[in-house]
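Protein sequences appear in the order of chains A and B.
According to our numbering, the first sequence holds residues 1 to 111 in order.
According to our numbering, the second sequence holds residues 1 to 110 in order.
Hints are not guaranteed to be accurate.
[Unchecked claim] Simulated restraints on C-beta separations: (1) B/Ser67 to A/Ala56: 40 to 48 Å; (2) A/Pro83 to B/Gln25: 25 to 33 Å; (3) B/Leu74 to A/Leu69: 40 to 48 Å; (4) A/Ser67 to B/Ser65: 37 to 45 Å.
Hints are computed from structural coordinates only; laboratory data are not their basis.
In this text, all values refer to a predicted model and were calculated from it rather than measured experimentally.
Ideal placement from N, C-alpha and C gives every residue a C-beta, glycine not left out.
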Amino acid sequence: NAGVTQTPKFRVLKTGQSMTLLCAQDMNHEYMYWYRQDPGMGLRLIHYSVGEGTTAKGEVPDGYNVSRLKKQNFLLGLESAAPSQTSVYFCASSLNGNEQFFGPGTRLTVL
Amino acid sequence: GQSLEQPSEVTAVEGAIVQINCTYQTSGFYGLSWYQQHDGGAPTFLSYNALDGLEETGRFSSFLSRSDSYGYLLLQELQMKDSASYFCAVNRDSSYKLIFGSGTRLLVRP
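Here chain A stands alone, though its shape is the one from the complex:
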């Protein structure tokens, strides 16, 4: 089992560009989450999903969109990147919510 994988690992964008971050899990988990982590801080929830076809907003959803068309995949989109979105993005999945499994992260820089 690969667990939770994220694509890409690193990305540099210019202000105004768009991109999609892909998260995939092979553990058949219902719950999936997108977090961002800024230097010296904890993780903040962007969006989450409690099952295929469902999505909901977290703490900091502005500027992001998500889709969960397949149970194993959770996509995070940035329509028009801003320097404030420079961060490390982590995806996580969970079977019952108590224990979340995190992917390796995507390091995004917006110039």
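Go by the hints and put chain B onto chain A.
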């Protein structure tokens, strides 16, 4: 509002015991989780407490007091590899959205 408070840094000696405290104030509470994160790495799950009391997993134990809105992570027989950041996180409802604290950076010295 939502807030979790934990010390920013703790230093301890190899072989010693260290306790990392976490106090929380959140709307809704299902349980308290602890995660470990090494520099440049992803968070990894350590423990989860839904009920009052102590949960033990090897060298790590976690405690919760719901009436005091307080919990702690206890690390025994510290090893150099335990140097990392430790985050407490509150599960607020049945969708298991986590609210994370800012983390405690633990430095283990020889």
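Each hint tested on the structure:
| no. | hint | in the structure |
| --- | --- | --- |
| 1 | B/Ser67 to A/Ala56: 40 to 48 Å | violated, 30 Å |
| 2 | A/Pro83 to B/Gln25: 25 to 33 Å | holds, 32 Å |
| 3 | B/Leu74 to A/Leu69: 40 to 48 Å | holds, 43 Å |
| 4 | A/Ser67 to B/Ser65: 37 to 45 Å | holds, 40 Å |
Checked against the numbered hints above, the structure breaks only hint 1 and satisfies the rest.
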